[in-house]
Amino acid sequence: MVLVANGGLGSTFDELELNRVLCESHGVDVAGVIVNKILPSKLDQTRDYLSRALMQRWGVPLLGCIPDRPFLGCPALADLERLFDTRLIGGGRHRFRHYRVPDINLVTTSLKRFLENVRQKPSRTLYVSHVTRDDIILGFLGEYTRLKRRGVPFESALILCGRENKYDVCPQILDILKDPELADVPIMIAKMSTHDAMGAMRTLTPKLNIGDNHRVEIAVEHYEPHIDFELLLERTSSPVPLSEEEVMEAATRSSTLGAAAETAAAAAVASTEAVLS
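Just so it is clear: in the sequence shown, position 69 is 74 by our numbering, and no numbers are missing.
Heads up, some of the hints might be wrong.
To be verified - Pairwise CB distance ranges (calculated): (1) Ser242 x His99: 39 to 47 Å; (2) Glu29 x Ser128: 47 to 55 Å; (3) Phe234 x His99: 53 to 61 Å; (4) Thr137 x Gly32: 16 to 24 Å; (5) Leu238 x Gly147: 36 to 44 Å; (6) Thr210 x Thr241: 24 to 32 Å; (7) Glu22 x Asp49: 16 to 24 Å; (8) Gly78 x Leu236: 21 to 29 Å; (9) Leu23 x Glu169: 37 to 45 Å.
Think of the hints as simulated: they come from the structure by calculation, not from any bench.
Cβ coordinates follow ideal geometry from the N, Cα and C atoms, glycine included.
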């Protein structure tokens, strides 16, 4: 098994030690460790310390030490569709456009201040508004139309929030949103309060998605140089086929694992696959 952890030095090693003891108590061999999301400025220090500590205390190698890449933690609109169990009303071809969490803005101002904000903020900003703010919706659409006529890219998106069975977008606004001329504007509806939606997005951990080619390519390019794949394959491969007695012993031992151990092992494997994908 390969253990994967996030972070720096102290807390990371404590977390790894707890999982190593759990593996040891159930006869699971630890092939090595991969540490993820290291501050780039601390990468060399962390790699040096953990490499020595793991070999001295456990006798296992550090297989990878990965610097943090904030982009990989930026949610795409497709991630938000899954989070809110909804679909984009328009702008479907921008489903894999990513937004930084600091660039998510809750709209609580007047239309005048909102339009000033739209023109001052980065072009790729995600706005969150209540579904009853017809003025904000129309202002957002108007800004899209204005920039489109000037040939200027418009990369912002709008999430309309309102508790289910209590607030809805008015029918006239829905008709406007379905206009073919506005079919490329990324807008979605979340059936919850703006407060809950903002909280959900702040705590969201985006996952790699097979359809998100851009993020997958960047993940591969980012992780590949920092993982010793030859050593990983060497440590996780069995050079000699197991004997029948060894297979039976392993099967018997596996059957005695408790539910907690099985859950921990599955989580560790899933984390490893996510890192290597």
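Tested hints:
| no. | hint | result |
| --- | --- | --- |
| 1 | Ser242 x His99: 39 to 47 Å | holds (43 Å) |
| 2 | Glu29 x Ser128: 47 to 55 Å | holds (53 Å) |
| 3 | Phe234 x His99: 53 to 61 Å | violated (34 Å) |
| 4 | Thr137 x Gly32: 16 to 24 Å | violated (60 Å) |
| 5 | Leu238 x Gly147: 36 to 44 Å | violated (57 Å) |
| 6 | Thr210 x Thr241: 24 to 32 Å | holds (26 Å) |
| 7 | Glu22 x Asp49: 16 to 24 Å | holds (23 Å) |
| 8 | Gly78 x Leu236: 21 to 29 Å | holds (27 Å) |
| 9 | Leu23 x Glu169: 37 to 45 Å | holds (41 Å) |
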